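Participant: In case you want the letters, here they are:
2 protein chains.
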Amino acid sequence: MTNRQIVVKELPQGTLEQSHFELQDARTPVPAEGEVLLRTILMSIDAANRSWMQGATYRDAVKAGDVMATYSICEVMASNTPHIAVGDIVAAESVWADYVTRPARKVQKLPKIDVLSHLISVYGIAGKTAFHGLISVGKPIAGETVVVSAAAGSVGGYVGQIAKALGCHVVGIAGGPEKCKWVVDHLGFDACVDYRAGGLFKSLRAACPNGIDVYFDNVGGSILEATLALMNEKGRIACCGAISQYDSANPSGPRNLPGALVVKRLRMEGFIVMDFANEDAKAIRALQTWVSSGQIKVTEDIVDGLENAPAALIGLLAGDNKGKRMVRVGTDPKT
Amino acid sequence: MTNRQIVVKELPQGTLEQSHFELQDARTPVPAEGEVLLRTILMSIDAANRSWMQGATYRDAVKAGDVMATYSICEVMASNTPHIAVGDIVAAESVWADYVTRPARKVQKLPKIDVLSHLISVYGIAGKTAFHGLISVGKPIAGETVVVSAAAGSVGGYVGQIAKALGCHVVGIAGGPEKCKWVVDHLGFDACVDYRAGGLFKSLRAACPNGIDVYFDNVGGSILEATLALMNEKGRIACCGAISQYDSANPSGPRNLPGALVVKRLRMEGFIVMDFANEDAKAIRALQTWVSSGQIKVTEDIVDGLENAPAALIGLLAGDNKGKRMVRVGTDPKT
Numbered sequence: 008m009t010n011r012q013i014v015v016k017e018l019p020q021g022t023l024e025q026s027h028f029e030l031q032d033a034r035t036p037v038p039a040e041g042e043v044l045l046r047t048i049l050m051s052i053d054a055a056n057r058s059w060m061q062g063a064t065y066r067d068a069v070k071a072g073d074v075m076a077t078y079s080i081c082e083v084m085a086s087n088t089p090h091i092a093v094g095d096i097v098a099a100e101s102v103w104a105d106y107v108t109r110p111a112r113k114v115q116k117l118p119k120i121d122v123l124s125h126l127i128s129v130y131g132i133a134g135k136t137a138f139h140g141l142i143s144v145g146k147p148i149a150g151e152t153v154v155v156s157a158a159a160g161s162v163g164g165y166v167g168q169i170a171k172a173l174g175c176h177v178v179g180i181a182g183g184p185e186k187c188k189w190v191v192d193h194l195g196f197d198a199c200v201d202y203r204a205g206g207l208f209k210s211l212r213a214a215c216p217n218g219i220d221v222y223f224d225n226v227g228g229s230i231l232e233a234t235l236a237l238m239n240e241k242g243r244i245a246c247c248g249a250i251s252q253y254d255s256a257n258p259s260g261p262r263n264l265p266g267a268l269v270v271k272r273l274r275m276e277g278f279i280v281m282d283f284a285n286e287d288a289k290a291i292r293a294l295q296t297w298v299s300s301g302q303i304k305v306t307e308d309i310v311d312g313l314e315n316a317p318a319a320l321i322g323l324l325a326g327d328n329k330g331k332r333m334v335r336v337g338t339d340p341k342t
Numbered sequence: 008m009t010n011r012q013i014v015v016k017e018l019p020q021g022t023l024e025q026s027h028f029e030l031q032d033a034r035t036p037v038p039a040e041g042e043v044l045l046r047t048i049l050m051s052i053d054a055a056n057r058s059w060m061q062g063a064t065y066r067d068a069v070k071a072g073d074v075m076a077t078y079s080i081c082e083v084m085a086s087n088t089p090h091i092a093v094g095d096i097v098a099a100e101s102v103w104a105d106y107v108t109r110p111a112r113k114v115q116k117l118p119k120i121d122v123l124s125h126l127i128s129v130y131g132i133a134g135k136t137a138f139h140g141l142i143s144v145g146k147p148i149a150g151e152t153v154v155v156s157a158a159a160g161s162v163g164g165y166v167g168q169i170a171k172a173l174g175c176h177v178v179g180i181a182g183g184p185e186k187c188k189w190v191v192d193h194l195g196f197d198a199c200v201d202y203r204a205g206g207l208f209k210s211l212r213a214a215c216p217n218g219i220d221v222y223f224d225n226v227g228g229s230i231l232e233a234t235l236a237l238m239n240e241k242g243r244i245a246c247c248g249a250i251s252q253y254d255s256a257n258p259s260g261p262r263n264l265p266g267a268l269v270v271k272r273l274r275m276e277g278f279i280v281m282d283f284a285n286e287d288a289k290a291i292r293a294l295q296t297w298v299s300s301g302q303i304k305v306t307e308d309i310v311d312g313l314e315n316a317p318a319a320l321i322g323l324l325a326g327d328n329k330g331k332r333m334v335r336v337g338t339d340p341k342t
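So the protein sequences, as listed, match chains C and F. Residue 8 is where the first sequence starts when you use my numbering, and the numbers rise one by one after that. Residue 8 is where the second sequence starts when you use my numbering, and the numbers rise one by one after that.
Certain hints may be false.
Any copy will do: because identical chains look the same in the list, a pair fits if it lies in one copy or spans two.
Claimed, not checked - Computed cross-link-like contacts, EDC-like style, restricted to lysine to aspartate or glutamate with a CA-CA straight-line distance of at most 16 Å: (1) Lys271 / Asp95; (2) Lys271 / Asp282; (3) Lys329 / Glu82; (4) Lys119 / Asp201; (5) Lys116 / Glu17; (6) Lys70 / Asp282; (7) Lys171 / Asp67; (8) Lys271 / Asp67; (9) Lys241 / Asp282; (10) Lys271 / Glu314; (11) Lys241 / Asp287; (12) Lys70 / Glu29.
Hints in this document: simulated from the structure, not taken from any laboratory. Remember, predicted model here, so these are calculated numbers, not experimental data.
Construct all of the structure, not just a fragment, from the sequences and the given hints.
Facilitator: Written as structure tokens, this is what we have:
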């Protein structure tokens, strides 16, 4: 079995480019005692992948020479542990490769589900991140105004749809008229503001006549600065990511921080999806309820082929995806 | 009765200066129906006074031509309302003047207390701000590391002493070796870092070997940026003010926001003392307990004379006070 893998040849200083990666052929690894051999089916492509290249975060940094890190759904091909069987479908912190070995205790068996990709999108990292960040950090209630940036992205689209299901006035921020139209027409947001059109503050103010109560922030930077200026007293900002800063060699903080927090008594709080693992069952049940009722549409953006993973991530950082982006590396054994 | 008052002649663009104020003689006002005539005894001098000149905050902006706004302790000289008597001591949102009229429903009768100035310092705005911000927003517990900026200032000194009473490791940040020594020797902090000495990040890291769990921020700017870099996961930042930004025409936000919040899952929350008015009785009881036990020392910095109020505020913004600064305008009727 050939094992293709994609290595980070050089760490980016500014914009991530194709030249920072290299596709290599390697030996298929052999699982040691307590390990399993996994065949990659789907890899999640996330803005956070880029932040791993900036240094240690909630996980170790990705360094030059490393096979690029990812979160994958895989089929078990060989197992040296009694409680995981060949043919099981599992999730794992993994790498951009056809095959990988992992300690069995670090992989997670997945439930049987018709559409495997849903375990990365709505019932996976995207849907759970949206649910936990909005519900447990943002805490919106019917009638409040909820704004979410990267609204056409994987997490943002679910945030807005959940907020609509809760009875909120929901405004997205996205790049370009086509995406904004899709966010309103397809996802059902009340409005979506195009940050590339200029005049963000004024457009956002017009779309939020009662101010902003909850802002779900995926981007940081000047968009965060504009929303802070429109927050209502006692508003909440759920900090999920800062995509505007990841490709920047000179990050800049919103100039109205911390002033806006004091004046309007705002709460701004960062979170990552793993913090709420003990509430995942609740999240999945709620998401299933809203998918069944048609209040949540599952949106996926699947790129085929391991070799296209660098372009998929670079494109995501430039904002070319709609819905949860992932790369299909191998076939679903059911299909 | 001559009524001296100090008017804001011109709004500052950068550093606040004496020339922005003018002492004027005015008529002593006559209270209308439902109003009281107040004689100013003590005026609280706070960094927030300067922020009022930047625009509307939690209160209306101070504009050019206005008599400068303040929070005062006053004696009632005439009353057109049955429930406030001549001779009562009251607190009021007021102005820099010898005499002022106010609607009776907007003044607050004060308890009998031996030392009137304590109603501005430890049992007043300074002590209550420290208590509510630390206890209700920062939520420290014994063994945690608490850092507070403007540690020699009115609020900062109480924050650190309360945190020590709770069993925390307490580190102050202040300007100059003399103040830092006073914070450690007189107030009992475990350490105090001089931000003017350079190398703030390294000094702070050395003083906080276990990282920072709670940061009580009075200053914003680069000091906030340095503390964010040292926060532990799930740390809390109580945002009380941003004194480093008030005198600046070009405010700059910490470059690690919102990134640090996401990576370390921090909570950053603004508050003002009035938000917790329903818990003031609890705050006063706790502060009295710690004053009685000697765990809190009351520190006051009283400037005599209404005419010295501009210099008192300008000096406070430059950091020349130790303890709660106030201006004594008139005599305490008891003395």
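Participant: Taking the hints in turn, state whether each one holds.
Facilitator: Hint-by-hint comparison with the structure:
For a Cα distance limit of 16 Å, the shortest separation of Lys271 from Asp95 qualifies neither inside one copy, at 51 Å, nor across copies, at 34 Å. Proximity of Lys271 and Asp282 under a CA criterion of 16 Å is satisfied inter-copy only: 11 Å between copies versus 27 Å inside one chain copy. In this assembly of identical chains, Lys329 and Glu82 lie within 16 Å of each other by CA distance neither inside one copy nor across copies; the values are 27 Å within and 66 Å between. For the homomeric pair Lys119 and Asp201, neither the shortest alpha-carbon distance inside one copy (39 Å) nor that between copies (59 Å) is at most 16 Å.
Taking the shortest Cα distances, Lys116 and Glu17 never come within 16 Å of each other, neither inside one copy (34 Å) nor across copies (69 Å). With identical chains, the CA atoms of Lys70 and Asp282 are never at most 16 Å apart, being 25 Å at best within one copy and 47 Å at best between copies. Neither within a single protomer nor between protomers do Lys171 and Asp67 lie at most 16 Å apart by alpha-carbon distance, with minima of 36 Å and 35 Å respectively. In this assembly of identical chains, Lys271 and Asp67 lie within 16 Å of each other by CA distance solely across copies; the values are 13 Å between and 36 Å within a copy.
In the homo-oligomer, the alpha carbons of Lys241 and Asp282 lie at most 16 Å apart only across protomers (10 Å), although the nearest pairing inside one protomer, at 24 Å, exceeds that limit. Proximity of Lys271 to Glu314 under the C-alpha cut-off of 16 Å is found in neither arrangement, the shortest distances being 48 Å within a copy and 33 Å between copies. In this assembly of identical chains, Lys241 and Asp287 lie within 16 Å of each other by CA distance neither inside one copy nor across copies; the values are 27 Å within and 20 Å between. For the identical chains of this complex, Lys70 and Glu29 are intra-copy neighbours only, at 14 Å inside a copy versus 62 Å across copies, given an alpha-carbon limit of 16 Å.
Violated hints for the displayed structure, listed by number in ascending order: 1, 3, 4, 5, 6, 7, 10, 11.
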